Amino acid sequence: MTATGTAAETATVPAGPPFPSLEWFAELARMMDEQHDEFGRIGTIDCSMAVCLLDGGPGGTPWCVRLDFEELSVRKLRLIDVDELGGLDFVVETDLATWNEMVADIVANGGRPDLGHTLNGLSLPGTPIRVWSSDPLGRDMFFRYNQTLQRFVNNCAGIAPAAARR
Amino acid sequence: MSANTLATMAPPTPEASIDEASLAEYEAKFRGHYQIWGTLLEENLERLGKGSFSLHWTDTSKAHWGTHARPSSRGLTSMDINRPKAYGTIPENTDQRNFAPRGSIREPYADRMPTIEAYDVLDKKHVWAENVVTLYEEAKSRQWNSTTDVPWTELEPAGEDLEIAACQLATFLTEVEFVAGDFPARWIYRTAPDFFEVKNFLVTQMMDEARHMEVFRKRALAGGGGLLHASPAFEWALKAILESPTHTQGTFLLNVLGEGLVLSLFRAGEYLAKTQVDKEIFRLCMQDEARHVSYGTLELKGFLDAAPDREQTLESMHRFADLGEQIILTVLSDPCVLEPMAVLMGGGIKHIDKGMEGAGLLWATIVEEYLQRCERAGFDRRERLTIPTTMPWVSSS
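Residue numbers (the working numbering), protein chains in the order written: chain A, 11 to 176; chain B, 86 to 482.
Just chain B, same shape as in the assembly:
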């Protein structure tokens, strides 16, 4: 064994370890809280030492003992367990910044509970949508598996320029799915557990987006073309979504505006598909995306309906949307998205001009459906729209 090899195998120097500093910080934090935690621990150990029992947990007087959640024909759903008021009443605001479940006996222990600082989304209006519980059940029911539910062995080449376009589109869609998964992740962590239904739904959204990322990556690789060009312009739009200041604003950008657009792209993808494999992929993804759009639309409605000063809140949302709509414009004008769409629509790169006519129809559809969803949420953007309702493209041929 050479001296060089030995040097490589040596443990890192203490200065190089960030784990040590993190550990020290963690220790200090919990030593600081040790008074309550330690007291609780001492009480329990003392009881054990005396051979006695607490049995306080057998007191059901403050519980909802005897309240039955009754299954419906499809099993015991989230809607079924929320039917009893004792468990299904969603608070407008919660001060429970810990893990104690809604409906449990938790008040007697409030002064000895830790506070989870990360839980800072404490108002129902910032996360709730009236359809979130049913969408969660639907999402569980309609999961699919990109490994086995797509007939990969049937994938056939459809001409090189079409395959290049399909791979570029798959690259773009892989890129977009990262933010679509990471945005909910950022807010699940911050949402108080009293709104667990929302957390659960967002988990299904994350799973959906992971599957979409996976299936489009697979699509690009399965045809032999592989992943093609990332897009800097598009990356800025994604960053704007991820860094939205509130959950409602970000959900508006991601679920209403972004996923509404992607839903239309998936519909167009199914329409344009040159193979049954592509058709199946887009159809499956389309279903998931439509759930996310539905949640986003009613989440925005719930937020606006609960606003103490609706006019002021609407104005703030309008200001936000003025910027947010640039995401649509960015995506629809990006050559990494628009041009492969036009090639697929036209039937080849020679017919890209013809394809642009189809892309123009898609543009108008995307903007109109966005406006309709905004209106459904009580957020009329028709007079304030900052982007063209038709594609600003003139054929040079």
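Chain A with its partners taken away, still in its complex shape:
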């Protein structure tokens, strides 16, 4: 698990990439590469997914990023349009406020969300996060790789804050 700094420590760290941005997810991907041993203990992951923030784009428009996981890395990372989502294994869809709250909780708890802020916990009722797919087997990948995805997102605790400046 990536250690997170105290408030005093993080104050001296250069500001991280803003959220939402490709760079923010690239930072998570970089951390995954640095933690191959830790991710390797959980197991390999092979899927194409997207995080889609329904109001994350300019003027409250959707903002979607595609992540292609392969083995123990993110092989491809790019912004995509909403009409490209259907071809992916699954989509994690929510709004900016929910995502920011989840990130804030993970950061506040040192990289381990409290009982109410895990990816599965937030998505089980279908709201505030909705996990969907055009293929039930694709959606099941969200569960097959859940431990890896949770750890991947938990690493946001290691990104210096910048979301507030957006």
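Hints are computed from structural coordinates only; laboratory data are not their basis.
This structure is a prediction, so every number in the text was calculated from the model and none was measured.
Beta carbons are placed, not taken as given, at the ideal position from N, Cα and C, and that holds for glycine.
Worth double-checking, as some hints may not be accurate.
[Said to hold, decoys possible] Incomplete in silico selection of chain B near chain A, CB under 8 Å: (1) 158; (2) 223; (3) 353; (4) 461.
Please build the complex by placing chain B on the supplied structure of chain A, with the hints as guidance.
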């Protein structure tokens, strides 16, 4: 030493020994086959006695000498070794009822091979799923250890009624994991080795279920509450799975219907968890269960796609599902499952009514996801569904 002690130490009487009868039966069986086995043995001993060598095994003319299996970035995977057609072509049907590996030189020895009567699953369509090889690799990669991967020292009591509910749920889940391990065991033994990929995957499923049984037993004991009530109604549902007449039918019951339901329960468990320990347990189990569901869905699809008379096969499967769906109904109406879920969802036994609303949502999710998976397999159950899509519960308060 008293006379009584001596009597206790005496060997059992021959009549009491079933080992003797079993041994005699075994001897008779192999004496009957001794002609071929004995001839082979004599030939080998004679050669040794003459100081000569056979060296027939050095003849590679009928082998695939020079065919390289090349590793990919993650090592030499099962997908990599199946890439050469000589080794990776899965037969639609096999007559190989022995242990000779697919791809080996075995035809010249066919008439001297034993027949393993137990190997009676000889058609690919009865076991194969197009994702089975990748799921096997994934399963190996994502194994975990309930002894060390769960932060047991962080387990804290969350109120007695919640702990009772958690222990009851753990008891139910321990119960279910036995059949989930024993069903594949029953069919691994019967599946011909030409379909070894399936046997291998089912072994990982057995390992997963053993680990689940272990972790829920541990969970019940670690909190000090322990195991609570077994469920007779639920036991009948488990028996129906274990005694399914074919592998495909049983896999439909276990992997699509049963494990699909349990996958949703694990998701709900993670959602409901009152401690990080429970959250971790359910998250880890959820991953394993989702693999089993994926195999079951595509195994059913493969079976239906390969059916010579699809309509007739579909009708038979529908008849089977009419009965099988009662498993969902049995589990979801069983107080040993539903009520502890509702207590956990409501936040205590006083709020069980509130929890039942959450349980109702879970019920609808389980049935809908089951229908979606059936549809994905080419088996549309929406018009034939025999169970309610919403929970038949009316609050008395």
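Results of checking the hints against the structure:
no., hint, in the structure
1, 158, "6 Å, holds"
2, 223, "7 Å, holds"
3, 353, "6 Å, holds"
4, 461, "5 Å, holds"
The structure meets every hint from the earlier list without exception.
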